[in-house]
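Q: As a plain string of letters, each chain reads:
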Amino acid sequence: MSAFLLFVLLGLGAGSVYALLGLGLVLKYRSTGVIDFAHGAIAMYSAYVFVNLRSTGVLELPWIVLPHAIPLTGGQPMDLAPALIITLVYGTVLGLLLFLGVYRPLLRAAPLTKVCASVGVMLYLEATAVLNFGTTSLATSPILPSDPIRLAGIAFPSDRVYLAGIVIVVAVVLLVVYRFTKFGLATRASAENETGAALIGISPTAIAGRNWVIASLLAAGSGILITPISSLDPTSYTLFVVPALGAALIGRFQSFGWTAGAGLALGIVQSELIKLQTVFTWLPQQGLSDGAPFVIILITMTLSARRLGARGDSGTWKNPKLGRPSRPLLTSIITFAVGVVILVALQGSLRAAFMSSIITMCICLSLVLLSGFVGQVSLAQMSFVGVGAFILSHLSGDLGIPFPFSLILGALLVVPLGILIGLPALRVRGVSLAVVTLAAAAAMDALVFSNVGFSGGLGGRSVPPPSIFGINLGISDGKVYPTITFGVMLLVIVVFIGYCVARLRTSATGRMMIAVRSNERAAAYVGIRVAPLKLFAFALSAFIAGIGGGLLAYQQGTVSSSSFAVFSSLTVLAITYVAGIGRIAGAVIAGLMFASDGLFVSFLDKVLHVGQYQMIVAGIALAITAIANPNGVASELAGEKGLALRFVRLRDRIFPQKPPVAGTLRAVNLAAAARHPVTPAVVPPVKEKEVAHG
Amino acid sequence: MTRLLDVNDLRVSYGAVVAVNDVSLTIDEGEIVGLIGPNGAGKSSFIDALTGAIRNRGGNVQFEGRTLDRLAPHAVARRGLLRTFQSVELFDDLTILENLQVAAEQPTFLSMLRDLVVPSKPKGVDDIAWASSLCDLDDVLDRFPQELSHGQRKLAGVARALAKRPRLVLMDEPAAGLDTDESIAFGERLRSLPGHGVSVLLVDHDMELVLGVCDRIFVLDFGSVIGVGTPDEIRNDERVIEAYLGGHDVEA
Ligand SMILES: Nc1ncnc2c1ncn2[C@@H]1O[C@H](COP(=O)(O)OP(=O)(O)OP(=O)(O)O)[C@@H](O)[C@H]1O
Ligand SMILES: [Mg+2]
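Protein sequence lines correspond, in order, to chains A and B. For the first sequence, my numbering gives the first residue as 1, with consecutive numbering after it. For the second sequence, my numbering gives the first residue as 1, with consecutive numbering after it.
In silico contact screen, one side only, chain A against chain B (beta carbon under 8 Å); selected entries: (1) N319; (2) T509; (3) R511; (4) A522.
Since the hints were made in silico from the structure, they are not lab data. Please read all numbers here as calculations on a predicted model, not as lab measurements. Heads up, the beta-carbon is just placed ideally off N, CA and C, and yes, glycines get one too.
Isolated chain B, as found in the complex:
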């Protein structure tokens, strides 16, 4: 397996608060890696830092053998590292189809000028069709985000990232707000992604989903990694149970 993402000692601090404390993490091609931890553990900050939102983060990040340090968000996205948002963040004035199109198309300056006069052939049609069918959005493509259920909006967020044909998607709580059935269906979709050349970093509080779908799981608490392992190892790790799973009754 080739190494896709290699994060070394990533560090994010907001003033005195250290949100991500020297976290190292790797993702291989075709892997689905989980990142869990209690509220405020620094999971979203970790994603923010990876994707270029936080300028002065510490540590370094290699993606497909090239550094991502100091790249702006759009440049990170163009390298094939996409993210979704905890708070959905779709483009509200565009239909779901157009949301996916925005991600799939990447007009050049010349094509932008040409578009002013003559209609050009739609781009990325296959990618959009793939992303939309994978996330089961075919029937709502011409709707606006506000007309969708929360679960569908979350899926649309995932589809938008997929429409860009990424190598790796960082998903920030994609299953929050999904009911059990939806969550199971979503897990199946996730499992199919490596077959399409997409690796995943999954952040979620839905333990069933994370334990069921991930190859490896990292556990974060107060910004530090307190455990790494397969779902089985994580399930039985003392420190993890104490810090995170706590009183929860975790069944297989």
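Isolated chain A (complex conformation):
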């Protein structure tokens, strides 16, 4: 029994961190409506600053290339107190700058825009940390006294108790401040509505800024406090934000008490599972304790979410603009032809990069459909891709199912997963959905992708090359790598999927999807069954992502789970968003220009050797796009003098259309039909009037 108690106490360590971060997230959300995915990254960066001060006395600034290491002590380690204070100030200033630069301009933006901006900040900080500090994890000396305490026959480090104490104190202080002070009142009022805050006489922006600073201070504090407990590395620290988000979600982003409690509880559950694994050997031995909190978050969120109310819930924020594909078949054929020309023209590594671009397009198309058309944010898209890739490797490797069937069957098998992850979307909306899907991705990471039987462990799993009618379609053929046939196969599949998505956009289904995105409530009142429609979108999106996964597997020959980590899902959403998530052209641009192994980046890397900065640039581009142009690059191109419009004009000049059936003209035709009624029931209103008065 006492062993179980020991693990409860040990779990307080991680739990405290989740709780502290969660409290900061609640503060930020309550004052600005932003769910800050970069919150963990701020803790991470502060932790690195602290560790560097303590070991060498160097102050690390959060950028690259420019001088960023300022020696403060001439190489001597700094004492605890000054290092602590400097780091806390540092975190606060960093938070304030980010608020002023990124979040303040977005106070009234759409949830997806806010999500993408904060993902941009997160990617930036993480990538900067990787470049400046490396990825090997550091261990540091303790801060809190950690001499063992003996209790009920067990000995455990006392710092866990201090940590939990700090959490409780912070939660109580926040509770009191926000319930009883004028500042707290103003924050509550500004969360309700802005005039409320104005009545109290404080500008909502000022309130938001102050809350943001307090939250950043908490983030920096928790970053410092965990360093002795968990070894420090950029990725895992940044990802502490996921359980913290879970805790905040359980507190509904409102309650400090519940958030702190949930954070501690998640840590305890996690730690207890480690113990249980040793007792019950039938439990999954990999990833259970990492995955369990996310599963808990998924379930609680889904069950506790409120139904959409009768009125007023649908916000007034703007969604990203949508494209309006004209003549999809012709466009697809032209795209295919151009693609083949590029394939033939390029060679070696650039041709391989072009192939990566095509595969990324496929994955991005799955997001255009789901997040662009239906407005459902998914931060688990790469999990679909990964499952598709591994299933293909099982189907074509172990089971020997031949090429087109294995790919299609593999993608079909991803569909149930898509529906499963889509289930929360029936009750959870907007940013909360982003958090829930992120939790799902993290759970998949921990429970599915770490399963050696499924993913082949560190070495990954190999995938036999595709072939049809005895023709080798694989990426390598003898000495030739990469082969044109493989590229053509990619083009055929991905262009066809693009064609389908374009068709969908202009069909009745597409209109229903966009109606749901615009106004879910009104959609239900005209007879749309919102829930099945959303699941349909998730299923279709998972299928497309699954195909993308299969293609990726064929391209790489060996798939390993590291390609599908949580961060990759964030990145892929980010690049699609920047490129234009409402348009098929957005997916094309994302693949060609922004994919880290795609054509443009590989070209730059080849010429300028800047590949290592890709993530940093992506992060900045994402934040800037979110602020300056939430419709994405593709929308810019679709404007008055844009490239897209020129393409359409050129296309229509070379392949004239008769009769031209553009969207406008169709409308006019319909209007004409209205003036010349087809059915006897249709009586123009003017006549009716005459009857009534005559």
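Since the structure of chain A is provided, determine the placement of chain B with the ligands on it from the hints.
A: Coordinates of chain B with the ligands only, in the frame set by chain A:
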């Protein structure tokens, strides 16, 4: 005349506030029925409750002889009972035409899959043409809702409901924001609806419109019906004048 809608003791409460207090109301086929009352009387709540938005409402509702109790909004709409919104609520990312199409089309699962590959014939063209010409939207079909005047948006909301060829439309303040001429024109359009097999429950503050167009009028105050009658009876009902028309000078 056959009974279309039969509402018995409908009750809606938000916590302690009783917004609709045991309201009974009937609508016959081909009727235009008015529902008036001061702000906060519970008119919108009544519509919400009828169309399935409020789960635990009291009372029961029969529509064309079948119960609507516990049906979700989409199911109510598919039965032919449509509503419009006080706050318009068009689909902002779709053109007016597409707004009407969304209501008129009802794709099946199979047609949704087929749509992915081959374009299918447009559905509900006649209904859309009818709704659009009735609401005078033919010239703005390819515009987006934000490009329209407020009055046109309101009409588009009505047209969207009509495009589904409903049996009964519940209109929540469709004439709010229309000027006098527009309101008169709208009244004429309304009058023509029963001829097309569409009955109407009209909620509006524009007394001229309501008194001019309705066959019967229900008056709601603090959630309760305080008067029912023809426009003439309502005009002269003491309690109604006191509670609602108050100091207003109501001319015929
Ligand atoms: N979601 C809600 N929660 C709590 N109370 C509500 C809610 N919706 C409406 N109410 C209250 O119910 C009562 C009836 O409101 P309702 O909107 O139905 O009135 P109405 O007759 O449509 O008014 P108006 O003419 O202003 O549109 C009001 O007192 C209102 O404050
Ligand atoms: Mg109302």
